[in-house]
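Please build the complex by placing chains W, P and V on the supplied structure of chain X, with the hints as guidance.
Residue numbers (my numbering), protein chains in the order written: chain X, 229 to 439; chain W, 229 to 439; chain P, 229 to 439; chain V, 229 to 439.
Source of the hints: derived by calculation from the structure; they are not laboratory data. Be aware that one or more of the hints could be misleading.
Where chains are identical, the list cannot tell them apart; a pair therefore holds if satisfied intra-copy or between any two copies.
[What the hints assert, rightly or not] Mimicking EDC-like on lysine to aspartate or glutamate, the simulated pairs with C-alpha atoms at most 16 Å apart in a straight line are:
#1 Lys364 with Asp284
#2 Lys321 with Glu390
#3 Lys321 with Asp299
#4 Lys364 with Asp380
#5 Lys364 with Asp311
Protein chains: 4
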Amino acid sequence: MNKQEEALSSSAVTDTLAELGRYFYSRGWVLGTSGNFSAVIQSEPLRLAITASGVDKGALTTEQILQIDADGRVVAGSGRPSDEARLHTAVVKARGAQAVLHTHSVWSTILSEAHASAGGVGICGYEMLKGLAGVKTHEHREWLPIIENSQDMPALAGTAEETLAKHADAHGFLLRGHGLYTWGSSLAEAKRHVEILEFLLEVVGRTQQNT
Amino acid sequence: MNKQEEALSSSAVTDTLAELGRYFYSRGWVLGTSGNFSAVIQSEPLRLAITASGVDKGALTTEQILQIDADGRVVAGSGRPSDEARLHTAVVKARGAQAVLHTHSVWSTILSEAHASAGGVGICGYEMLKGLAGVKTHEHREWLPIIENSQDMPALAGTAEETLAKHADAHGFLLRGHGLYTWGSSLAEAKRHVEILEFLLEVVGRTQQNT
Amino acid sequence: MNKQEEALSSSAVTDTLAELGRYFYSRGWVLGTSGNFSAVIQSEPLRLAITASGVDKGALTTEQILQIDADGRVVAGSGRPSDEARLHTAVVKARGAQAVLHTHSVWSTILSEAHASAGGVGICGYEMLKGLAGVKTHEHREWLPIIENSQDMPALAGTAEETLAKHADAHGFLLRGHGLYTWGSSLAEAKRHVEILEFLLEVVGRTQQNT
Amino acid sequence: MNKQEEALSSSAVTDTLAELGRYFYSRGWVLGTSGNFSAVIQSEPLRLAITASGVDKGALTTEQILQIDADGRVVAGSGRPSDEARLHTAVVKARGAQAVLHTHSVWSTILSEAHASAGGVGICGYEMLKGLAGVKTHEHREWLPIIENSQDMPALAGTAEETLAKHADAHGFLLRGHGLYTWGSSLAEAKRHVEILEFLLEVVGRTQQNT
Numbered sequence: 229m230n231k232q233e234e235a236l237s238s239s240a241v242t243d244t245l246a247e248l249g250r251y252f253y254s255r256g257w258v259l260g261t262s263g264n265f266s267a268v269i270q271s272e273p274l275r276l277a278i279t280a281s282g283v284d285k286g287a288l289t290t291e292q293i294l295q296i297d298a299d300g301r302v303v304a305g306s307g308r309p310s311d312e313a314r315l316h317t318a319v320v321k322a323r324g325a326q327a328v329l330h331t332h333s334v335w336s337t338i339l340s341e342a343h344a345s346a347g348g349v350g351i352c353g354y355e356m357l358k359g360l361a362g363v364k365t366h367e368h369r370e371w372l373p374i375i376e377n378s379q380d381m382p383a384l385a386g387t388a389e390e391t392l393a394k395h396a397d398a399h400g401f402l403l404r405g406h407g408l409y410t411w412g413s414s415l416a417e418a419k420r421h422v423e424i425l426e427f428l429l430e431v432v433g434r435t436q437q438n439t
Numbered sequence: 229m230n231k232q233e234e235a236l237s238s239s240a241v242t243d244t245l246a247e248l249g250r251y252f253y254s255r256g257w258v259l260g261t262s263g264n265f266s267a268v269i270q271s272e273p274l275r276l277a278i279t280a281s282g283v284d285k286g287a288l289t290t291e292q293i294l295q296i297d298a299d300g301r302v303v304a305g306s307g308r309p310s311d312e313a314r315l316h317t318a319v320v321k322a323r324g325a326q327a328v329l330h331t332h333s334v335w336s337t338i339l340s341e342a343h344a345s346a347g348g349v350g351i352c353g354y355e356m357l358k359g360l361a362g363v364k365t366h367e368h369r370e371w372l373p374i375i376e377n378s379q380d381m382p383a384l385a386g387t388a389e390e391t392l393a394k395h396a397d398a399h400g401f402l403l404r405g406h407g408l409y410t411w412g413s414s415l416a417e418a419k420r421h422v423e424i425l426e427f428l429l430e431v432v433g434r435t436q437q438n439t
Numbered sequence: 229m230n231k232q233e234e235a236l237s238s239s240a241v242t243d244t245l246a247e248l249g250r251y252f253y254s255r256g257w258v259l260g261t262s263g264n265f266s267a268v269i270q271s272e273p274l275r276l277a278i279t280a281s282g283v284d285k286g287a288l289t290t291e292q293i294l295q296i297d298a299d300g301r302v303v304a305g306s307g308r309p310s311d312e313a314r315l316h317t318a319v320v321k322a323r324g325a326q327a328v329l330h331t332h333s334v335w336s337t338i339l340s341e342a343h344a345s346a347g348g349v350g351i352c353g354y355e356m357l358k359g360l361a362g363v364k365t366h367e368h369r370e371w372l373p374i375i376e377n378s379q380d381m382p383a384l385a386g387t388a389e390e391t392l393a394k395h396a397d398a399h400g401f402l403l404r405g406h407g408l409y410t411w412g413s414s415l416a417e418a419k420r421h422v423e424i425l426e427f428l429l430e431v432v433g434r435t436q437q438n439t
Numbered sequence: 229m230n231k232q233e234e235a236l237s238s239s240a241v242t243d244t245l246a247e248l249g250r251y252f253y254s255r256g257w258v259l260g261t262s263g264n265f266s267a268v269i270q271s272e273p274l275r276l277a278i279t280a281s282g283v284d285k286g287a288l289t290t291e292q293i294l295q296i297d298a299d300g301r302v303v304a305g306s307g308r309p310s311d312e313a314r315l316h317t318a319v320v321k322a323r324g325a326q327a328v329l330h331t332h333s334v335w336s337t338i339l340s341e342a343h344a345s346a347g348g349v350g351i352c353g354y355e356m357l358k359g360l361a362g363v364k365t366h367e368h369r370e371w372l373p374i375i376e377n378s379q380d381m382p383a384l385a386g387t388a389e390e391t392l393a394k395h396a397d398a399h400g401f402l403l404r405g406h407g408l409y410t411w412g413s414s415l416a417e418a419k420r421h422v423e424i425l426e427f428l429l430e431v432v433g434r435t436q437q438n439t
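Excised from the complex, chain X in its bound form (with noise of 0.2 Å):
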């Protein structure tokens, strides 16, 4: 790819990510300026397009999408990153992933806490599970990994890459009270993902109110 084609690419990249954002702001996903967002723009070295750091998704702008390198270092654009940069690096590491994304929805955050003693919550049996990349059944049992929420940034990095490296079939996790992260191997499957894990977090949450 030369010069121009990865301008053309990088800049296809923010477009997108700042769509997404107002998209799941608009289902009530990332409101407060919570969630943020990242895809890959080039592999080696690392360029990742992240959303900065608190800003209101509703209105989000390509000029509010930064790059970073491996270790979290602006690179391009100007703010700072979002405080979980280090979650969305972790994430591209483990899973060779070409898209973050972080939601923060009213279900996300409610099983977060209902389920933390189990350490995660287990769906199965849902025709959605088979949107996951890699489902072949609605049999599948994906298990969503909680991990405890902390503000010392490189201890949930740490913990993160634990948890991905135990549950290696997982395809997002929640922090406990916060929310979810999911990843794909395009923009286009993390969104993907993002709708099916949102859409059976809300099922298992009310499901367990019917019962």
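For chains W, P and V alone, coordinates are given in the frame of chain X:
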């Protein structure tokens, strides 16, 4: 109908299918590439416009709608038809339907599990039932059969055919853990049936929470 | 008002009715062609603009709004008025209302069943009540009578007239398993009443789930 | 700031207030003409832009936003300011807020009743809390005091002043059966606080249903 009229008609059908897909998506009924929609373009021999497999319904375009024949072979357009195309052709044959719509909402998913052991969901006493074709009174009892989900598509289509024959008055059915199928003598009627059944399933689901 | 002014006024009314219909649809309050809306265009003799029967409120146009007289006969426009036109004229006569709006939401449907044996829903203590015409304090107690649903329209209209006479202070009523009727001295007031009563019914319904 | 700059700034503020109103309305947080919003245009002497009483927030225009002084007198624009203008000026004085936003959602209404006997709602352990100004950790405990509703505005404003003094760390308060007040050092911060507190109140409300 001459060739030109048919082409126009086919184009109007695919436009409407794409618009319906985006509308259902906005309601949260076909997230994560779930759901699929079809409409008859020609009866003899059967030509069915149907959404391609695995496409994002929030950005559904007419290019993502194929034409298949009665055996599910692609006769126009590129891409793969939904795996569930056999269910669409089964409904068209059994009911003489002109359109078949499959949505995948939170409430239809929840009720398809909660009522699975009963084999279906009975709905009675609601004025909204009068919007179903041929129903004249809210005292009508609609029985939505629940079919056990399966990844064996010929087997699932066979079960659907039996269910359609056994419950000749049903305006739709649920696949367990999967969602709603309904249909109509036109796309407008099928859309109305989706809205009515999704509404009623939400009412039934929330009523059970309230008691 | 001369002929030309009247024509303009009538056109403004039908524009607003069509806009209201599309708005209520977007909120999910009139799915599946449910709901109907009317507004007085002329008092002596009565000319009521009213939505035609069985139209999709999400695509409601001014062409789908007819004019009827006090006996429900169509005097302008084509199509059939809603079967419930008699309820609209009954409300106009009993309350001197300039607009009558009937919505069909999930919560109004649920509460109309859950409170049927009590004959109505009592709502008290909410600031939102102050938005109802003539209400000065949140300590106001609104009693929304519930009328048993029926397909015998003359009988239903008769019951509605009795209910309106008996509950002279009510700002609306529920048809069991069917939805909400409310009205106002203008279209804007009637719209406000819909929003207030739908809001309060949701609050009451969810509060019962919480206890 | 010279006269022209001030005029521009005032215009930007009213534009943003009108936009915020329409946005909150789309979320269902200010139905039925409920809710009111203000922002400081000038500090010495105080000039507060504030929504007029009884206007439909879904169609809020800049013409429906007035200017009042510290005593609630209209100094620019026509119409009557919200009856609750005293609460806005009380918050501005007590907190040095630049913007005060009052929403009226289903969940804030429900929780303001359910927790009334406790005098407030305690919220702890959620990452979303970090979006509140000055909060550094999800372990923060936010206490939202609940004030008994009243139609005696001077008395209500007095109680609000006492509450603000007593709970100097609170980022908002609830009026019983009425809704949420929050504020910020800018309109953007106040909007963020609305989203965060409305989100957290929904989480708390639904969690109580789940247990």
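Taking the hints in turn, this is what the structure says about them:
1. Lys364 with Asp284: neither (37 Å within a copy, 18 Å between copies)
2. Lys321 with Glu390: within (12 Å within a copy, 50 Å between copies)
3. Lys321 with Asp299: Within one copy only: 11 Å inside a chain, 45 Å across chains, cut-off 16 Å.
4. Lys364 with Asp380: between (38 Å within a copy, 11 Å between copies)
5. Lys364 with Asp311: between (36 Å within a copy, 12 Å between copies)
The structure is inconsistent with hint 1 alone, although it conforms to all the rest.
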